[in-house]
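Enquirer: Here are the chains, one letter per residue:
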Amino acid sequence: MITLIIPAVFIGLLFHGIHRKVIARIQERPGPPVWQEILHTLKFSFKQTWIPKTASMPMYVFIVAVSIAIWTGAFYIVFSGGSLLLLFAVFMLHKITEHGLGLSSGSPYGKFGAIRSVMSAASEIPLFATIAGIYVVTGSLMISDIIRYQEINGPLLIGAFPIAVAMYIVILSKMHYGPFSIIEAKEIVSGNRTEHFGVWRAGLEVAYALKTFVLLAAFVLLFIGALPWYLMLAAMLGVLVSLSFVCAFTPMLSPFDAVAMQTVITGVLAVYIIALGVIG
Amino acid sequence: MNKESYLAVTIITAVILVLSGYAVSIKIEPGWLPVIVVVLTFPVFVLAFFLWWNASNVEGDIPFTGY
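Protein chains in written order, with our numbering: chain A, 28 to 307; chain B, 513 to 579.
Worth flagging that the hints you see were computed from the coordinates, not collected in a lab.
As the structure is a prediction and not an experimental result, all values here were calculated from the model.
The beta-carbon is built from N, C-alpha and C at its ideal position, and this holds for glycine as well.
Heads up, some of the hints might be wrong.
To be verified - Facing chain A, according to a computed beta carbon distance under 8 Å, are these residues of chain B, among others:
| # | residue |
| --- | --- |
| 1 | S532 |
| 2 | V551 |
| 3 | P555 |
| 4 | V556 |
| 5 | L559 |
Here chain B stands alone, though its shape is the one from the complex (with noise of 0.2 Å):
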């Protein structure tokens, strides 16, 4: 993938978060549905977060790719 990808990722999994925060503080039913998406997405949120501001916004040589 590369950084629009990264970055597109990170939006929409911050605008998912975001929600189901709201969701959780109003209480919504069923309680355990906001707090599942949470516990799915906010891990995709740190590592696609990571990934985009880690990505370079060159073209590179080709990484070296471990032994």
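In isolation and in its complexed conformation, chain A is listed as follows (with noise of 0.2 Å):
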């Protein structure tokens, strides 16, 4: 398992630089080299270390350690074909995570973005949809059982593609630069993760980098199947481009927007899932 984390760790660095350079190049922009973000990890990891005086120590620290921890729990919960709902409890916990990172430095920045968090809370609602969803569907919520139901049945991203749409819209919302990104816009300078600087920076680095590619590998394994590793990491690949494609055409809604259209996706899915549940 181990000898998979790292490089997962580097792959999602990876698909971070990419998803920069797909936006940026739609508007016509250079952008940075693919490799940007596994630099600018290292370069956190170099720079000076310290704890804000404003911060809450103990919480500043072990919220960075939490957010990997976590992300690498749901690694292991996807590659062994776990249930969907501790992959939804990871969900849950790293809005935790995203909330404490926030309010532990103790900088206002850091706090709207922990508020903006809370409110964002609607981001996860879709999941639910996904998992009631594919529940109605395969009869099951074990990732394995989903993988052989499409091995008979072919990939559900046919089959039950509002669905997959769902699941796609809360991707789209843990993706930076996005347009539910409201926790870490540019008004609010980095948002939850502003007074989180060198080290404890590169560790969160480390962690995004786990939770794009466990995303990534959910979504695929979920609604194509299980695949050969390079035609796995193909598909990744091509769901990645496509978000940063919406992410480059899309503005950053404001929080109450985002909130909402959240919701109504997921009042529209909530009504497809009912009459694939009553009329079979």
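Please dock the two separately framed chains into a single complex, following the hints provided.
Expert: Right, here's the structure in full:
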């Protein structure tokens, strides 16, 4: 497992770089090199590191470790074919870490990011729709069972397209520079990560790289099925580039609009799932 | 902690991670135990590793400790 986590971190960081590059090229900018996020992480790890006086010291450090730990756990859940409910639990914990990151530093920008993180809890609602929809269609919440179902009945991307859209929106809400990325909007500097610098920021970059890798892998496994590793990476890259297109073309929504949009999408999907359950 | 302490933590956690990875590969029972160990150890390894190469070899001035 550990032999896979470290490459996953580097691939996740590379994906972040590709994400930035694609957005930049769409916006007719040269953009940074694709390995920029790997360099960023290395750079932060070399920067002078301390704990701000205003910070709640144990939480300030501990929250970085927790961020890495939960996505390490999620990595195992996804690749061992574990339960979707556990993945959902990781999402909930991630929301708490986002909140904790902002509050632990004592910075007003961080606190604004934390408050926006709570407000944007609606970004987790489409995941309810994904879980409910997948259960209605496949009769199981185990990722291994869902992969087996797709081997017999074909990819859920075709068979249950609206559910795939719900999961896609969940991933979109977690992408940098996306329409729902209100917790790290530029008007609040870096939002909840503002005061985490040096080694702490490098640790966060590792956690977020794992997060991106796990979410893209989960999307491919849940809606396309098990693939050889090179096709899996290609499919993840395809999903990522499509997300980058969405991020490049859509402005960042205001916090209230972001919540409203995600709630409406979930409402539409709830109708679809109910219809699916009733009509069969 | 000084640079040597961070290095010690990095090496200890790296050894634990390698052993846990091996335990997962030979499907040791209970299966969740090495996974929990990896989940708890990997963050410590990452932070200790970064703090180790970040730490200075020489005695420095008193660092700026924020406003």
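Enquirer: Take the hints in turn and mark each one as holding or not.
Expert: Against the structure, the hints:
At a threshold of 8 Å, the smallest CB-CB gap from S532 of chain B to chain A is about 7 Å, leaving the interface hint in force. For V551 of chain B, the shortest C-beta to C-beta distance to chain A is roughly 5 Å, which falls under 8 Å, so the interface hint holds. Interface hint at P555 of chain B: satisfied, since its Cβ lies 4 Å from the closest Cβ of chain A, which is below the 8 Å cut-off. Using the Cβ-Cβ criterion of 8 Å, the hint placing V556 of chain B at the interface with chain A is satisfied: the shortest such distance is roughly 7 Å.
Here the hint on L559 of chain B is kept, as its CB sits about 5 Å from the closest CB of chain A, short of 8 Å.
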